[in-house]
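In terms of UniProt numbering, the sequence shown is residues 1 to 349.
Treat the hints as calculated values from the structure; they're not laboratory data. No experiment lies behind these values; they were computed from the predicted model shown. Please note that the accuracy of each hint is not assured.
[As the list claims (entries may be wrong)] Here are the simulated distance ranges between beta carbons:
#, residue 1, residue 2, range
1, Gly-307, Gly-198, 16 to 24 Å
2, Ala-105, Ala-296, 40 to 48 Å
3, Ser-266, Phe-309, 39 to 47 Å
4, Ala-87, Ala-56, 38 to 46 Å
5, Glu-311, Thr-33, 46 to 54 Å
6, Gln-271, Asp-72, 36 to 44 Å
From the three backbone atoms N, C-alpha and C, an ideal C-beta is built for every residue, glycine too.
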Amino acid sequence: SGVKCIVDHSTEESEEPSARRYNLESKVSLLHTLRRELRSGCAFVPVKLTALVSPALLEQTTLAAAAVAAEDGGTEPSCTGSANPAAALEKTASALAAAERDELATAMAALRELCEGAREAGIPLLLDAEQTPRQPAIRLIARSLSAEFNADGGAPVVYNTHQAYLLNAAETLMTEMEIARACDFTLAVKLVRGAYRGSEDPTLLQPSKSATDAEYDTCACMLLDEIAISSHGYTDSSLGTSGGGAALLLATHNRLSVGLALERMSDLGLQPNHPRVHIAQILGMADDLTLTLGLAGHNALKLVPFGRFGEVLPWLLRRLEENQDALGAAADERPLLRRELMRRLGLAQ
1 SGVKCIVDHS
11 TEESEEPSAR
21 RYNLESKVSL
31 LHTLRRELRS
41 GCAFVPVKLT
51 ALVSPALLEQ
61 TTLAAAAVAA
71 EDGGTEPSCT
81 GSANPAAALE
91 KTASALAAAE
101 RDELATAMAA
111 LRELCEGARE
121 AGIPLLLDAE
131 QTPRQPAIRL
141 IARSLSAEFN
151 ADGGAPVVYN
161 THQAYLLNAA
171 ETLMTEMEIA
181 RACDFTLAVK
191 LVRGAYRGSE
201 DPTLLQPSKS
211 ATDAEYDTCA
221 CMLLDEIAIS
231 SHGYTDSSLG
241 TSGGGAALLL
251 ATHNRLSVGL
261 ALERMSDLGL
271 QPNHPRVHIA
281 QILGMADDLT
291 LTLGLAGHNA
301 LKLVPFGRFG
311 EVLPWLLRRL
321 EENQDALGAA
331 ADERPLLRRE
341 LMRRLGLAQ
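Produce the entire structure from the sequences given, and follow the hints as far as they go.
Structure below.
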């Protein structure tokens, strides 16, 4: 069927430095094991950033970023002009206490070590999203890593997760695209609806499921347009010009969203197996959709989690919250499974 895997060793957040170091070494080891055992069968490995970086540090870095931005008269430290992503992160770090600056430097060194391991293994990383108080810091970190590891014109190493249930999702994505263009690196995005609705400030979220769906589809089209620009010279005066281009992992069980994305790809002249467009579902959810995509030549993926029950369960609960469409997908699959069972038993009419 051509379906590949996203292999996720589930680990939860930690404030213990020894645990974070263990998580880092385990993730690097996993990358090399997957490369050796599965070869090209593993397409991505997810990374929960708070398993490698102190959650409290991320929140303090977010506050520091807001303080620096307020001084600059913006919303986040600038990345345009002479202020590249690394410089923007360094400027934010200057607003932290000395101990926090040291901790951030240690965290960035660890993340670069992980990115080097991913590049050596040929398996890109998917940085998971976190709650809103941590996201500005994660964006700064992701930009800095992307500018370093997604800048050679080859396959991007670092994908950051973009959440469509946030009220300003399309606007935030446009900002990220402009920064990537200005700094000439590939903006690689894992696009999701969002997994933390229960713990988020409702005023920051889309007002309804339908609004989230619309925002998701808008973001997907924005990224596909950017991919088309850099891939084969597709031009549109409303789209502008591209630097390093974009890459998209469409993570959804929503058949309408998948259909709209495929239609957009066709309109833009993007081949089904374009190396910068992947579509993923969780193993056991919407399996017929994944297999159909794989048979049609798309870069179809199944996310396969593993780990201790106590670590996998929180992950699974977040994914169910994020992918409510998966519950409907299961209902859609029942008649297909029944029909296939009848066919195999020779009882099909």
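Hints versus structure:
{"no.": "1", "hint": "Gly-307 <-> Gly-198: 16 to 24 Å", "in the structure": "holds, 22 Å"}
{"no.": "2", "hint": "Ala-105 <-> Ala-296: 40 to 48 Å", "in the structure": "holds, 46 Å"}
{"no.": "3", "hint": "Ser-266 <-> Phe-309: 39 to 47 Å", "in the structure": "holds, 43 Å"}
{"no.": "4", "hint": "Ala-87 <-> Ala-56: 38 to 46 Å", "in the structure": "violated, 24 Å"}
{"no.": "5", "hint": "Glu-311 <-> Thr-33: 46 to 54 Å", "in the structure": "violated, 18 Å"}
{"no.": "6", "hint": "Gln-271 <-> Asp-72: 36 to 44 Å", "in the structure": "holds, 42 Å"}
In this structure, the hints that do not hold are numbers 4, 5, in rising order.
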